[in-house]
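**Q** We have chain A already, so just place chains B and C on it with the hints.
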Amino acid sequence: MNALRRVMSYTGRNRSLLVGTLLLLALVLFVVIGRMFVDTEDARALSAPSLRPPSWDYPFGTDRQGRDLLAVMVAGTPLTLRIGFIAGFLGVGIGAVLAFTAGFYRGMTDTIIRSVADIGLTVPGLLVLILIAVSIKSSLTVNEMALIVASLAWLNPTRTIRAQVLTLRERGYVELAAMSGMGGLEIIFLELMPNLLPYLAATLVSSVSAAILASIGLEVLGLGPMDAPTLGMTLYWVNFNAAMINGWWWWWVPPIVIIVTVFLGLFFVTMGLDEIANPRLRKST
Amino acid sequence: MQAAYIARRFGVFLLIVWLAATLNFFLPKISGQDPVRTKLLQQAALGGAVQSGMEEMVKEYNTRFGLDRPLLAQYGSYLYDTAHLDFNYSIANYPRTVRELIIEALPWTVGLLATTTLLSFTIGTLLGALLAWPRSPRWLRTLMPPLWALHAIPFFLFGLILIYLFAFQVQWLPMFGGYSPGAVQGFTWRFVSDVAMHSILPALSIILVSVGGWALAMRGMMVTTMGEDYVVFAEAEGLRATTVFLRYCVRNAILPQTTALALALGQILSGAVLVEVIFGFPGIGALLFQAIQENDQFLIQGIVFTVIVALGLATLVLDIVYPWLDPRISYRKLS
Amino acid sequence: MSRAVLEVRDLRVSYAHPLGVVRAVDGVSFSLAPNERFGLAGESGSGKSTMALAILRMIHPPGHIDGGRVFLDGVELSALDREAMRRLRLAGIALVPQGSMNSLNPVMRIGQQIADALADHGEALSRPVLDARIADLLPTVGLRPDVASMYPHELSGGMKQRACIAIAICLRPRVIIADEPTSALDVVVQRQVMATLARVQRDLGAAVILVGHDMGLMAQFVDRLGIMYAGRLVEVAPIGAIVTAPRHPYTRALVASLPSLEHRGRLQGIPGLAPLLRDLPRGCAFHPRCPIAGERCRQETPALRSLGTDGTVACHAAEATP
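Chains as they are written, first to last, in my numbering: chain A, 1 to 285; chain B, 1 to 335; chain C, 1 to 322.
Same shape as in the complex, but just chain A (with noise of 0.2 Å):
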């Protein structure tokens, strides 16, 4: 209960964390009461009559291939988060285990990982997840869409992670434990670790945020999994369509609100957490 209230008085006063978190959490709630209401299976094309504007039958419209608009959302928004999450863990996890690695060993190993993570963020990885989209299969499922995400997600979680480390060595608390017997593992998950944890959380939440970037950007250039109700997908047909210009303001109000809102969520809990991981800034805010 005294632990419930502490997090409730730090959240109240990390408003971005409580900011973002809520922004998050209305989404769930979407997709949950959404899927009370609407049956997914109305996301397939020919379900509904075409280009409806909303009305009570049809609350968020349908498109031109005669999609309910609002199951396309309630089908869609969990697909997108979905390859978010896989992509942004693997990425992460993956970047965690180099950057320690990296950071551990220092010297030929160290110089290596640096080398192949600064030169792949060098290279425009929306390029070159398309070479691989188009390489691969004409037909991507939502899973292996994540993987082909995934393959260069763990750049940027590599970069800072072993730069964390490394500043954490210099403060001298391993050489301590190292002196003290401690062996390399032991070392990674019971000194580093925890003075890592809000650090990682926070790379945690912005990986995710850029594998949804890189999904969506698949997405609407049409590499997507074409039979899923995914949002960049949902845009790409706007796209197709030309909505913007014919009027069709219900088919592409819906997938843009919910994409800022996932962003604008992610974005928010990244900011408080680094908040958490970084007490200078608190300070300057």
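Watch out, some of these pointers could steer you wrong.
Said to hold, decoys possible - According to the in silico footprint, chain B covers these stretches of chain A (three or more CB under 8 Å from chain B): (1) 120-132; (2) 217-230; (3) 244-253.
If you are wondering where the hints come from, they were derived from the structure by calculation, not from laboratory data. Cβ coordinates follow ideal geometry from the N, Cα and C atoms, glycine included.
**A** Relative to chain A, chains B and C alone:
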């Protein structure tokens, strides 16, 4: 010292070029499909007549890239061609070559990206610096929350909103293309202003979104720098506030900011590709979109290679300029 | 005694801290005669570095100067506006920063940093005149003239500190405040830097405040020493008197920790912990660690008073012991 540093940076650049070419060659091999035959099959399936000259291309393609030749030989000739910037014909636009198409599109993208990146980096860095400075006006602070919120949104999504507001609702600005249909291209005032009008919305969707990010990063660097001993000593020397701000704080905080710029180039370009797609801006991004739609493997590969090399070059330039900004760098053993 | 160059009266500085207000400097007064070398010694956290910044009026939020007056040659600094105060820094009172710090701008050549200091104090000199001035200045602190074209990372710790001294004296200030100028330098370099400081002080005829915790260094360098404890001066006396006949029990402990002048001791061997400034005991701040503390010491804060000699001391029991 300096020469060794530049040589090492150049080595990294060559490595990137080689990687890009190798990626281009081997990735499509994974699927095992032959781009030209796939395309032919597609066209046959659509029932359309095969483009004239396509047979010729198939023949030439097979002699050059014949799948009967050993993989290493194929790789060798691919590297040779790539080194000569020969990316073969565009499958969808035969007999035009990939190189021609890219050369046509490149100036649009370079122009858009160079302008928007320079503007947003400069404005954002300045804003961030001023935000951290205790003596800057209060109203600046109220400017930031909306800019930070924008920063969280993808370029192209904000672009869509701009299209709706300024091109559809009030119709102040054109919503599509790089110039008006039927415009005579050339260095005339008419054409240049036409292009400028068409560039405003795509540029704004990149600039307004990026500014907040640069400001946020710079503010953080400034806060760190302002706590440095040399800033305290500068104040004790009785230097003017503007001297301390510009020559001691900003001058040092800009160093990590420049490194961040080099690292962000790839991301900025990725975002710009989508902006070009939704605005139909005739640059590399729109060309790439078209190539994906038409399953034009050679064009996709050519674009990916060109972009990676172009970004490698931009990074190389930043790397070479960097020691001039930070005199310590060429002495460090960092690569 | 001739008129004081610098006079500090009842200076008080506090920091706002989430757990309460911290009084870093609490009513400190002293004055400095021309050419005098005055030392301020105390443990870290005793407020001696804050004193240095407060004299220069460089206390920033969350810190605040609560009161007190500082006079330089009879001019009251606290009455000056911000711009006049800025001009007075370096020209009137110059700071030599801590030796352990990177006090030089890492991306600017030494000569340029000196030029900046001159330019911002109204000395807009032509290039050749400026170069000549810098070339003359550097040898006075024992640096070769070509150091002007070098960056800080190309210099050793001792050379950097000499460069800082060069900047500090470039406008011939009346007072030099040296805040632990030799910390983090090795002993040989330490001695050289102090010798340089002593020489430029003599040449300029400036007064020096040496802030530090190294009693050995103080004994070698200063004429008069003030001992700070928990933001207050507890004893001020000529250095000879302090070393041979310390009056305050804290000073006595400090002097006792000096085995001999050859083997400099740091502040060790004083029982108990340095006090938390935000949680000071009632009465004399030193009483929990004091071997002779009585009931009065727990109730009443002692004021600095003269004991009929050159020195002053803030201790209720000062007469009781020889």
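**Q** Does each hint fit the structure? Answer for all of them.
**A** Checked hints:
no. : hint    : result
1   : 120-132 : holds (count 11)
2   : 217-230 : holds (count 5)
3   : 244-253 : holds (count 5)
Of the numbered hints listed earlier, not one is contradicted by the structure.
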